[in-house]
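Dock chain B against the given chain A, drawing on the hints supplied.
Chains as they are written, first to last, in the numbering used here: chain A, 1182 to 1585; chain B, 1182 to 1585.
Hints should not be assumed to be uniformly reliable.
Said to hold, decoys possible - Covered by chain B, per the in silico footprint, the following chain A stretches (three or more residues, Cβ under 8 angstroms):
#1 1310 to 1317
#2 1324 to 1333
#3 1463 to 1472
#4 1479 to 1491
These are calculated hints, taken from the structure and not from any lab test. Positions of the beta carbon are idealized from the N, C-alpha and C atoms, including for glycine.
Protein chains: 2
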Amino acid sequence: MINIAVLGYGVIGSGVVEVLNTNGDSIAKRAGDRINVKYVLDINDFPGDPIQEKLVKDINIILDDPEVKIVCEHIGGLNPAYSFVKSALLKGKSVVTSNKELVAKYGAELLDIAKERSLNFLFEASVGGGIPIIRPLNQSLTADEIIEITGILNGTTNYILSKMSEEGLDFDTALANAQRLGYAERNPKNDVEGHDACRKIAILSSLAYGMQVDSEDIYTEGITGISDKDFAYAKALDAKIKLLASSIRQDDQVYAMVAPVMIKANHPLYSVNDVFNGIFVRGNVIGDVMFYGSGAGKLPTASAVVADVVDAAKHMGTNIWTIWSSKKLELTDISQVKHRFFVRVSGDANELKDHVRELFGEVEELNAQLQGEYAFITELISEQEMKDKKNTLGGVLSVIRTRF
Amino acid sequence: MINIAVLGYGVIGSGVVEVLNTNGDSIAKRAGDRINVKYVLDINDFPGDPIQEKLVKDINIILDDPEVKIVCEHIGGLNPAYSFVKSALLKGKSVVTSNKELVAKYGAELLDIAKERSLNFLFEASVGGGIPIIRPLNQSLTADEIIEITGILNGTTNYILSKMSEEGLDFDTALANAQRLGYAERNPKNDVEGHDACRKIAILSSLAYGMQVDSEDIYTEGITGISDKDFAYAKALDAKIKLLASSIRQDDQVYAMVAPVMIKANHPLYSVNDVFNGIFVRGNVIGDVMFYGSGAGKLPTASAVVADVVDAAKHMGTNIWTIWSSKKLELTDISQVKHRFFVRVSGDANELKDHVRELFGEVEELNAQLQGEYAFITELISEQEMKDKKNTLGGVLSVIRTRF
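Bound conformation, chain A alone:
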């Protein structure tokens, strides 16, 4: 029997207990031994839930119990998660976490501590919910130099954008629907402003390049500025607008960004809709691969956590090697990165036509039957050029990068 402790009995923590109960037999077969939840740490009580008898409020009970071999952290946030996880490792316990904030910030340090002690620090559930992506990056794509990772990494924003696209809703209505269905939090800032996706692409980039990519360094733009009018043009183009989190290596430089992007049906992420996530990876020998699935949700995320528990159980006393040095990877400034930009300008189309061509040269003119505005797609130009020309042009209603 392998004893574990679950920190935090919220959505994911209770999911972990549920998965272990549901599939206990097959999990035991794969882990080589039965997994037993010895403690659950939570500040709340759960009267009537059988978990109540395993509930503790003091982390030291868990840390000081040598029988606990694996700790699953699902408290979220940095404090007290960071100190609990670090202490657990220092006490000789492997740790599994779903906490992307913790992993993005302290992943390198915690992996180091685990390695020194022949323990494991595993975090499959921190990115893409149940989708296997951390382990494939770490163990399957080892023959490749990763050239690009582009993901739809946030289910909430993908749901909102899907509904705006399919049902012609405006942003506020789509967000309100998502909140009503429990897909968006009451304070949706973290999701809709791109911070959640940003932390996840920081984790994937750190693993892909083996060095610390700080989420603060990643250019991040959310979806709050996307309107139903943008979607009218997207529809006319047979395109979709997706919140893409990308990190791309060009020559020996890496740039990363989170931003809404228009893509067409030839992009593998085009058909990743609703709350689903998709992660597209391009390697220099494998070519293009994509991983798709539920990016969030109680059971899918818990499935990833328990798979990590199984791996930790199978590797008792052996560190699974992960290359993620604490040395910082300096990202390239995005100002020279090029895209074709979709641009909407307020004003009379006939009057704007010539002015736009003077400024941008040849453009692809768009028509979505909307009055009082003019829309076009530029040739391939840099972020800096786009910024400068936007200022010169004036009256710009929206700018969205495209991948076509």
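Only chain B this time, still in chain A's reference frame:
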């Protein structure tokens, strides 16, 4: 330095050497040591190729050299691949293979030999080319009971079906095009009759259920009977016809089949086109996940092989546990499996209408403006019912299962 030997210097074997040359530095970092190709075994000579000096014709040179720690087998077929691989394991060498025939037939036995000797027998490249699927099934989806695996596992047939769908080609023309482009072999039987996909779903099913699934037991239907007229109806339905290899668990029974199936845009495999492969997996807690990428090709397949070599190098002296017992899994007879069937019948539509309704009850009538035939989709009925009614009806031009 870790010495390896490559058996077979064809497309994949030479790809393995190329990948090791191209990404040698990063591979060394991940494997913990430099990977050196000490020998290549091939019956041919390669004058002018630097590999010539490593070429041997006698397997015993490799088997008897204790410096060789890992053997990569890319000869294909069962003989002599099976005896070479088995001998290598018995001589204490880990083995990596891309040979699906070998793995489907002898996977359980070879895994056992490897386990007993703390070696590894790895075969990521045997299914889905470069797509990570074996390792995710084995190590990432361990918290789940697998309910379904459905894959587009053969690039040749997917290319042919894609071209028939997009360009309205008939089967023979699409096949000829595929042969001209090198996507289909001169003797395409193995691909177009579904045998290749059948072996691959046998491997995936064996891993998912931990028992031996014999490919001979799997109902297999190829795409040679699919015509441009079938695609005319598919188009009218916004559907695609794909060669799907499935294994599905219902209650405690598993059935498996390889057959052309009509799917619509709501199925994750709908947008897997051309030579790409996609593997859809449904677990009882993770829900639906999909893996997508190049299912064949020199470098993608070699990428998977080299990733296995890296894993074997990292696990020198430790067996990576894989549950695949040699105990045979008895598949359920498919006669009670239910689908909605697409059916085309020769004759006058008006005359057939009533007869079809008498026989099938309510059906969905289809119209693709084709003269002299009548087409419809049945309600959900069993394979046996469909077979019986087909015989009663007479004049049936085609029957294709649908997933909608």
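For each hint, the structure was consulted:
no., hint, verdict
1, 1310 to 1317, "holds (count 5)"
2, 1324 to 1333, "holds (count 3)"
3, 1463 to 1472, "holds (count 9)"
4, 1479 to 1491, "holds (count 10)"
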